[in-house]
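**Q** Starting from two chains that each stand alone, build the complex the way the hints lay out.
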Amino acid sequence: MKRLLDEFALRALARGCAILGTGGGGDPRIGLLLALQALEEAGPTELVDLDDLPDDALIMPCGMVGAPTVHIEKIENGGEGEVLRQYLERLTGRAVAALMPAEIGGSNGLLPLCWAGRMGLPVVDADGMGRAFPLIPQVTMHLAGIDPNPGVMTDERGNVLVFHAVSGHWMERLERSAAVEFGGAGAATEYTMTVEQARGATVRGTFTLAIKIGEALTGAVGDSMAALVAATGGFPLMSGKVTDVERRTTKGFVRGSVVVEGLGDDVGRLLRVEIQNENLVALEQGKVLASVPDLITILDSETADAIPTERVRYGQRVTLIAMPCAPIWRSEFGLQMAGPRAFGYDFDYVPVEELAGAYA
Amino acid sequence: MPTLDYRLGIDVGGTNTDAVILDRADQVLAKSKVPTTPDVTGGIVAALDAVISGSGVDAARITHAMLGTTHATNAVLERRRLQRVAVIRIGAPATLGVRPMFEWPADLVAVVSAGAVVVPGGIEFDGRDLSPFDESAVAAFLSSVAGRCDGVAITSVFAPVSPRHELLAAEIVKRELGEVHVSLSHEIGSVGLLERENATILNASLVGVAGDVARALGQALAAHSLSPVTFFAQNDGTLMALDHALRYPVLTIGSGPANSIRGAAFLTGRTDALVADVGGTSTDVGVLVNGFPRESSQGVEIGGIRTNFRMPDLVTIALGGGTVLAGDQDGRNIRLGPESVGYRLLDEALVFGGPTPTLTDAAVATGRARLGDASAAEAWRGLLEAASRASDAQLADAIDRVKTAKGDLTLIAVGGGSILIPDELPGVSEVIRPDHFDAANAIGAAIASVSGQVDRIFHFGPGGRKAALEEASAEARDHAVAAGADPESVQIVELEEIPLAYLTSPAVRIRAKAAGALGGLYGPADAAADAEAHLPAGGPLHAGSSIPANNFTHGSIRGGT
Numbered sequence: 001m002k003r004l005l006d007e008f009a010l011r012a013l014a015r016g017c018a019i020l021g022t023g024g025g026g027d028p029r030i031g032l033l034l035a036l037q038a039l040e041e042a043g044p045t046e047l048v049d050l051d052d053l054p055d056d057a058l059i060m061p062c063g064m065v066g067a068p069t070v071h072i073e074k075i076e077n078g079g080e081g082e083v084l085r086q087y088l089e090r091l092t093g094r095a096v097a098a099l100m101p102a103e104i105g106g107s108n109g110l111l112p113l114c115w116a117g118r119m120g121l122p123v124v125d126a127d128g129m130g131r132a133f134p135l136i137p138q139v140t141m142h143l144a145g146i147d148p149n150p151g152v153m154t155d156e157r158g159n160v161l162v163f164h165a166v167s168g169h170w171m172e173r174l175e176r177s178a179a180v181e182f183g184g185a186g187a188a189t190e191y192t193m194t195v196e197q198a199r200g201a202t203v204r205g206t207f208t209l210a211i212k213i214g215e216a217l218t219g220a221v222g223d224s225m226a227a228l229v230a231a232t233g234g235f236p237l238m239s240g241k242v243t244d245v246e247r248r249t250t251k252g253f254v255r256g257s258v259v260v261e262g263l264g265d266d267v268g269r270l271l272r273v274e275i276q277n278e279n280l281v282a283l284e285q286g287k288v289l290a291s292v293p294d295l296i297t298i299l300d301s302e303t304a305d306a307i308p309t310e311r312v313r314y315g316q317r318v319t320l321i322a323m324p325c326a327p328i329w330r331s332e333f334g335l336q337m338a339g340p341r342a343f344g345y346d347f348d349y350v351p352v353e354e355l356a357g358a359y360a
Numbered sequence: 001m002p003t004l005d006y007r008l009g010i011d012v013g014g015t016n017t018d019a020v021i022l023d024r025a026d027q028v029l030a031k032s033k034v035p036t037t038p039d040v041t042g043g044i045v046a047a048l049d050a051v052i053s054g055s056g057v058d059a060a061r062i063t064h065a066m067l068g069t070t071h072a073t074n075a076v077l078e079r080r081r082l083q084r085v086a087v088i089r090i091g092a093p094a095t096l097g098v099r100p101m102f103e104w105p106a107d108l109v110a111v112v113s114a115g116a117v118v119v120p121g122g123i124e125f126d127g128r129d130l131s132p133f134d135e136s137a138v139a140a141f142l143s144s145v146a147g148r149c150d151g152v153a154i155t156s157v158f159a160p161v162s163p164r165h166e167l168l169a170a171e172i173v174k175r176e177l178g179e180v181h182v183s184l185s186h187e188i189g190s191v192g193l194l195e196r197e198n199a200t201i202l203n204a205s206l207v208g209v210a211g212d213v214a215r216a217l218g219q220a221l222a223a224h225s226l227s228p229v230t231f232f233a234q235n236d237g238t239l240m241a242l243d244h245a246l247r248y249p250v251l252t253i254g255s256g257p258a259n260s261i262r263g264a265a266f267l268t269g270r271t272d273a274l275v276a277d278v279g280g281t282s283t284d285v286g287v288l289v290n291g292f293p294r295e296s297s298q299g300v301e302i303g304g305i306r307t308n309f310r311m312p313d314l315v316t317i318a319l320g321g322g323t324v325l326a327g328d329q330d331g332r333n334i335r336l337g338p339e340s341v342g343y344r345l346l347d348e349a350l351v352f353g354g355p356t357p358t359l360t361d362a363a364v365a366t367g368r369a370r371l372g373d374a375s376a377a378e379a380w381r382g383l384l385e386a387a388s389r390a391s392d393a394q395l396a397d398a399i400d401r402v403k404t405a406k407g408d409l410t411l412i413a414v415g416g417g418s419i420l421i422p423d424e425l426p427g428v429s430e431v432i433r434p435d436h437f438d439a440a441n442a443i444g445a446a447i448a449s450v451s452g453q454v455d456r457i458f459h460f461g462p463g464g465r466k467a468a469l470e471e472a473s474a475e476a477r478d479h480a481v482a483a484g485a486d487p488e489s490v491q492i493v494e495l496e497e498i499p500l501a502y503l504t505s506p507a508v509r510i511r512a513k514a515a516g517a518l519g520g521l522y523g524p525a526d527a528a529a530d531a532e533a534h535l536p537a538g539g540p541l542h543a544g545s546s547i548p549a550n551n552f553t554h555g556s557i558r559g560g561t
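Protein chains in written order, with this note's numbering: chain A, 1 to 360; chain Y, 1 to 561.
The following block holds chain Y by itself, in its conformation from the complex (with noise of 0.2 Å):
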């Protein structure tokens, strides 16, 4: 691994792309924002363009590139470019009761499935056989679709207990058709079949759109000459080293929220509080506690398509800088969005000459903002005054709902939007607007340090619960090492029991993550060192190679300073 120098930081947001560039004491060196193009990519590249470029920043000194990418969000939501994928899952006689892909969207199954099949084998809950693996089963159902595939989702019943019936299975392809990709379900996601299955063809769908960005992120740093250590961020606000988000691409879904939280975070230097993220089109507001964003309970669904990823619990409403207004001049009849002109802001809104009243003519009429032509949203007074005020109580309502506990909190309005919030809000005690707010979630994604987790069915042996947890805390500190953290530096930083009930034999299932700081980062030049030697063979940061395949884990990059 290149010793650490400069950091770029992309963040692909649905208006706006931003870019940063950090030095090693996480200075903001240059940032740009360039609206996000329908491709994506093309936005990327200008983003990339604009901040190297525009800064006079000696790029030649960028050691590490962190991307949070829409891309397979929005493969998903568009059905575009997604792969055929041979769904196998394994676990008859049971689960007949219910398919894969049940629950889909006829047209997105239409697009991705191949054909799928269930085929006898499958785990128990404490690691037997549900029944014999049936190997001729997949092989038939293999060269049945043979050619109609681009690549092959195999999901296990209590794979999280153990992953060797997809093992198997993976084998089986392997030896029919080749080199395709194949995703197991025990290296995506956790305990839940359906949803985890769910990921699984999903991950397995997206492996081409994200060699697409990983190709092309490369070629736009290779015309600047550059050829940094690739990472991308993941959907818990953590990280994952280039190879490893070319093999698990679901893995990236929703990675947004989460680093401008982090991002807000590293801009304060607090550790709890609200925050505010404006964007062009609508607005999150999370929780950051103990410098991380408050997770939710559900897990997310992409594209109506329900999975077991846990995102950052947010409120989300469709209030923007670029969100239209619609009603009487004089403010009767007041309607807020959903519509946003977007990218557009600078061609549409009034105070910029152009037709149309949004937000941010409504921030400039009452004061917040200084922007373009104040006197040309005088007209429409009524209406902004009465949508700031709409405006105020959507926000004070979502802050609200997001709260955890009585009392005032503090709020870190981040975003390019974030002059749409006023200085008082019921519930907020004080807002912050930290310098680069603008680039909050590029900075966040540029902040990383290493994370590792475990989340499977642990049975209680000799030594106990106490045991089981201290396994799975070992094995989270593992896989964060494994995925490049500096072993000094790694803390547990969630540890969660879920006991099963109406089971008479001990059995848990445990959720552990680990971060710490990406190794040789921060630390002196032996910590650093030290790092190198736990790193897999085969090359700096291969997260995921040398992980243990007997649970579902990952190793990935996780925000953190």
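The following block holds chain A by itself, in its conformation from the complex (with noise of 0.2 Å):
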């Protein structure tokens, strides 16, 4: 399987990001808009199955670490990409065959394309995550136990730094600080690897169903929620109206809460969303509706487009839906990176799909 990404495709990826974003991500528009630009000077960026590479091809994971706000001021330069692979080729003695988002969701899972789309190389269809995660580790080719060394990070500037750390918990706290130092952000890459270990290490498909949700939102005629629905399998948790907008920094993450009261068929119904960058559980009443590591978005009502965290506000009219994870992230050392415990809730990982079986 091969495709040229074209710009209706990459509109499409951008809204099905956003909504795979989770709520954080950061911005896709200018995600999109660096891919548009790389698209028209550079040609259309091909998306290739791993199947389509040889076993031995080496994959770079990549995207920006640092701050969503850096991201909409200090735009990229667009050959980011291209340094980190000049620095991973000469690191690892070995040629870079295609490049891949290390997260799927928000705006880092266009910038790649840009990147590729620029040195004339593909992308695979797939990710580290199926979604958006705030910490660097928090991906499953941590969770299939690839090394995350070397880890290359640069600037628009050219700065390089090289890092070999421990683990990948060090890995994320080297990485953070250097990115302050770069002025907020950074482009990165780790858990650099095969294709025959992508294979077992990533979540596959994911642009694929990313420009599925895109395209079944901007084909959809009247519900497109329904259309969103189909395209995902995924559980609509409610429709409301955000009453309430709860939001504090510690230790640089953003935290808080969302409530929304119910309309339509949902009246009467009270709903709460913990958020850490991107959302992580939906309350009803002291019952989890829906937590980590599974997807829980909030959309405009409606235009069915996604909200980013730090764009819901009081009075907007959003519906509520959670759609299962990778299930890798199911498996017991998925669930300790990312499930309720590793965000400090106290309570087990139940699945979306029997939590909507219980209430419904």
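Quick caveat, the hints were computed from the structure, so don't treat them as lab data.
Treat each hint with caution, since some may be false.
[Said to hold, decoys possible] List time: in silico SDA-like cross-link candidates among lysine to any residue, alpha-carbon distance up to 20 Å: (1) K287(A) <-> Q276(A); (2) K2(A) <-> D56(A); (3) K241(A) <-> V259(A); (4) K174(Y) <-> G192(Y); (5) K174(Y) <-> A139(Y); (6) K241(A) <-> P426(Y); (7) K241(A) <-> A139(Y); (8) K241(A) <-> E261(A); (9) K287(A) <-> D266(A); (10) K466(Y) <-> R255(A); (11) K241(A) <-> D272(Y); (12) K2(A) <-> V48(A); (13) K241(A) <-> R401(Y); (14) K241(A) <-> S296(Y); (15) K241(A) <-> D266(A); (16) K466(Y) <-> R248(A); (17) K241(A) <-> I399(Y); (18) K241(A) <-> A398(Y); (19) K241(A) <-> V162(A); (20) K241(A) <-> E385(Y); (21) K466(Y) <-> F253(A); (22) K241(A) <-> D408(Y); (23) K466(Y) <-> D348(A); (24) K241(A) <-> V289(Y); (25) K241(A) <-> D400(Y); (26) K241(A) <-> A396(Y).
**A** So this is what it looks like as structure tokens:
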């Protein structure tokens, strides 16, 4: 399966990346513009399946590390990916065959397209999350035991840092500090792997899924929510209006909650979404309706477009939808890395499809 | 500043231009409504003539004039009278991945752009240099556009943190090109490079339009031997002093809806309600919260260009008094608008002897209004009743979409077309139709108090978060006072904190807005003197001139009673 990504596909992809971003991952609009300008200047990027590449071909997972606010102001140069590739090739002594987003959610799902297009390399139809998460080791490659080293980080000026960290968590600490020094954001690669390794260590088909979501929304006549549910296998939790938004910053992360009051068929219901950069948990009267690592997205009820956590505001009419995560996140290690307890909650994870059955 | 006596408010809508004269006690002394003309200015002059000549009011007592106009919006939409702008972005090697005006329609770029460049320089979020500012690159670009541009738009990465590279570039423009207009992004928009850059370019292209309208208004006033202190309404419902509007014309875009909502609040004394402003072509439904229009969370799009200005949160539907009805006479196959007969209503509508069924005819046929000759609409009764039902359903849906809480709310119906609104609607507890409902927009423009705002990134110092919030609030107050607010009455009306995620050093973006009564307008005489004392040197209400240049800020006047 090979596919050239044209403007229509990129626009659909951006809508899909926003939905899979579960409120985080940065505004996909900047990523879209970067990809569109790359399309204009360098031609379409090729999307390939892992099975289209030789087993020993090298995959470079990549994306931006840093603050979304910096990303909307200090927009990328477009050549960061090329610098990462040069250093990675020098460090590994091998040629990079394709790029892959570390996370499909938000802007990071689109950036590697811009970089790959400008280098004439393909991107693989896979990512390391199937959604967005805040931390570097919260990737499926980490669960599969792939070595995060070497980590390479660069900025728009061409400064390069090479990391050799003793663990994924140290990679997170070191890169996060470097991002501040770079001016709040930097481009990075970690968890380089071969195609053979990637087959069991990534969430496959996520580009196709994101494009399918975007196309379903664009083509939907009338009920875009139904189209979205059909495209994702998700569960609508409730429709209503945002009646309270609370945010605070602790240790560099935005935490808070959003309260939604039911409308229409949901009149009388009150739902709370807990946020830490992404939407983590949906609660109703103390009962969990959905939680990480499953995906919870707050959508504009009218357009079915995802609303990033920083843009949720009082009075918005929204629909909440929960979608099952990639199965690998439901393993013991997966939940240890990204389940409710990993985010400081004192309850066990129950898959959203079971919860949906329990409360239906 | 002259002591306040009478105030003149003018508001330009899509269909009509309204004018009112208010006295010191905010009583409406006179009002007029004339068709908006394609050049906009003609309608303003006619409305002014009508409100002065037709009323017998002693116009010589008009000391203040407030204008809400669509000149700037129309100029962008029609690509007319826009000036050619040389576009400078300071931020290379960052930002090259998305070039200036990348998303703009090609025809608008062709009209506006005299060329664009991205030069090395710019600021980091923490205030350091992104890269060294390249003076020679700016000079080289300017010499390449010399003689081909009317103005220059300068946008630096993180100018809301520090404008120093924008100010350096402005100096070079002065040296290379002399006295051309320069728009600096830190004076115009907030965080979000592309949206702020878009607004800055539009601003530079609109300076000529603003000058034209200011001149036309001045001449029209002079024809009546008037020279009041003049203000322009801006997008958030506040007003700017004339000299400020000449420098920041883009801020006048979208002032209409806020004026109507503020006018509705004033006319009813309500602070929390729904407001429906029905014009000739469309209806805006907005929400009044605490006396101010609720703002949208999304930036405003102007002619397809994204900006980060906030406007009142509105639901707009294509229903107005002039909306043309299509369908069979018995009411089948009905279609409402979106075409409107606009100001030709008096020639076109059935009840006025015309050939075209409109929503005004429907209001007459259903007994909501007594206008013209009701019998002329009788043959169309089936269509008109069906149209009325369809219009009510659209209105009810718009009201439901704009509401923020369940439960019924008061609806204030204003605008010339508000006869369309029935007395009972789902979700509405009562419909209030205030006196002078048809001039709510012009009244909203006239009843101004002053505001100032700050929107930039703060780094926590020794005082931490609390000190940063206090600093932002104090700056907003200072800006309001600099713009002419009575210091005694200035209050913080909006304070929003937006944390910057994924950074280990504590930084936060703070938006603060302060508002108060126009200095000396409402308070005792000594308060007026006090306000004068706080005004910058060089003249009254010289908004912006005394404002420290190290952040995004503008002084302005906001409606408030």
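**Q** Next step is simple, just say for each hint if it's right about the structure.
**A** Hints versus structure:
Of the supplied pair hints, the one linking K287(A) and Q276(A) holds, its CA atoms being roughly 19 Å apart against a limit of 20 Å. This hinted pair checks out: K2(A) and D56(A) have alpha carbons roughly 19 Å apart, not beyond 20 Å. Of the supplied pair hints, the one linking K241(A) and V259(A) holds, its CA atoms being roughly 8 Å apart against a limit of 20 Å. In summary, the hint linking K174(Y) to G192(Y) is not supported, as the alpha carbons are separated by about 27 Å, beyond the 20 Å threshold.
Under the criterion of a C-alpha separation no larger than 20 Å, the hint pairing K174(Y) with A139(Y) is consistent with the structure, at around 10 Å. Restraint check for K241(A) and P426(Y): satisfied, since their Cα atoms lie roughly 18 Å apart, inside the 20 Å limit. Proposed proximity of K241(A) and A139(Y) is contradicted: the alpha carbons are some 52 Å apart, above 20 Å. Note on K241(A) and E261(A): the hinted pairing holds, with a Cα-Cα distance of about 5 Å set against a maximum of 20 Å.
For the hint pairing K287(A) with D266(A), the CA-to-CA distance comes to about 16 Å; that is within 20 Å, so the pair holds. At roughly 19 Å between alpha-carbon atoms, K466(Y) and R255(A) fall within 20 Å of each other, so this suggested pair holds. With a C-alpha separation of about 18 Å, the suggested pair K241(A) and D272(Y) falls inside the 20 Å cut-off, and the hint holds. A hinted pair counts as satisfied when its Cα atoms are at most 20 Å apart, and K2(A) with V48(A) qualifies at roughly 5 Å.
For the given pair, K241(A) sits about 10 Å from R401(Y) by alpha-carbon distance, which is consistent with the 20 Å threshold. Annotation: proposed proximity of K241(A) to S296(Y) holds, straight-line Cα distance about 14 Å (limit 20 Å). With a CA separation close to 11 Å, the supplied pair K241(A) and D266(A) stays within the 20 Å bound. A threshold of 20 Å between alpha carbons decides the hint, and for K466(Y) with R248(A) the separation of about 13 Å falls inside it, so the pair holds.
Distance restraint check for K241(A) and I399(Y): the Cα-Cα separation of roughly 14 Å lies within the 20 Å cut-off, and the hinted pair is therefore satisfied. The straight-line distance between the Cα atoms of K241(A) and A398(Y) is roughly 15 Å, inside the 20 Å bound, and the hint therefore holds. For the proposed pair K241(A) and V162(A), the alpha carbon gap of about 47 Å is over 20 Å, so the pair is violated. The suggested pairing of K241(A) with E385(Y) is violated, with an alpha-carbon distance near 33 Å, which exceeds 20 Å.
Using a Cα cut-off of 20 Å, the hinted pair K466(Y) and F253(A) holds, with the two alpha carbons roughly 19 Å apart. Using a Cα cut-off of 20 Å, the hinted pair K241(A) and D408(Y) holds, with the two alpha carbons roughly 15 Å apart. Among the hinted pairs, K466(Y) with D348(A) is inconsistent with the structure: their alpha-carbon atoms are about 37 Å apart, more than 20 Å. Taking the CA atoms of K241(A) and V289(Y), the gap is near 16 Å; set against the 20 Å cutoff, the hint holds.
Between K241(A) and D400(Y) the CA atoms are separated by roughly 11 Å; this keeps the pair inside 20 Å, and the hint holds. Between K241(A) and A396(Y) the CA atoms are separated by roughly 17 Å; this keeps the pair inside 20 Å, and the hint holds.
The earlier numbered hints that this structure contradicts are 4, 7, 19, 20 and 23.
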